[in-house]
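Participant: Read in the working numbering, the sequence shown has 944 at position 2, and its numbers run on one by one without any break.
Hints are computed from structural coordinates only; laboratory data are not their basis. Be careful, since some hints might not be right.
Okay, the calculated beta carbon distance ranges per label pair [as the list claims (entries may be wrong)]: (1) 947 to 992: 13 to 23 angstroms; (2) 1019 to 1040: 35 to 45 angstroms; (3) 986 to 963: 26 to 36 angstroms; (4) 1040 to 946: 18 to 28 angstroms; (5) 952 to 991: 26 to 36 angstroms; (6) 1038 to 1006: 12 to 22 angstroms.
Quick reminder that beta carbons are idealized off the backbone N, C-alpha and C, glycines included.
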Amino acid sequence: CPALDACLRGGVPTRGITELVGESTAAKTALCMQLLLAAQAPPAAGGLGGAALYVHTEGPPAVQRLREMAEARWRRRAPGALPPSEALDRVYIQSAFAD
């Protein structure tokens, strides 16, 4: 997203950890999920061509929502979108706290 890239002075840093904080319902999880899927796109489509790790801190991870987003990207033929099953295979989810 060009507007987000401009606000972040070039985009979300890669090869590191980015923490998102904000009020409840500020769309932090939705943004993370979009980034998880976009990172997998090939570089020619603006992605990184790799896998992504999502560390969640509250409640169970929203895996169903991530699946729905991957399916929607595939249906609308988003640039670099992978088949949903392949996209989900490249996402690693970890809780920040021991269960």
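Participant: Each hint: holds or not?
Facilitator: Each hint tested on the structure:
{"no.": "1", "hint": "947 to 992: 13 to 23 angstroms", "result": "holds, 18 angstroms"}
{"no.": "2", "hint": "1019 to 1040: 35 to 45 angstroms", "result": "holds, 41 angstroms"}
{"no.": "3", "hint": "986 to 963: 26 to 36 angstroms", "result": "holds, 33 angstroms"}
{"no.": "4", "hint": "1040 to 946: 18 to 28 angstroms", "result": "violated, 33 angstroms"}
{"no.": "5", "hint": "952 to 991: 26 to 36 angstroms", "result": "violated, 18 angstroms"}
{"no.": "6", "hint": "1038 to 1006: 12 to 22 angstroms", "result": "holds, 20 angstroms"}
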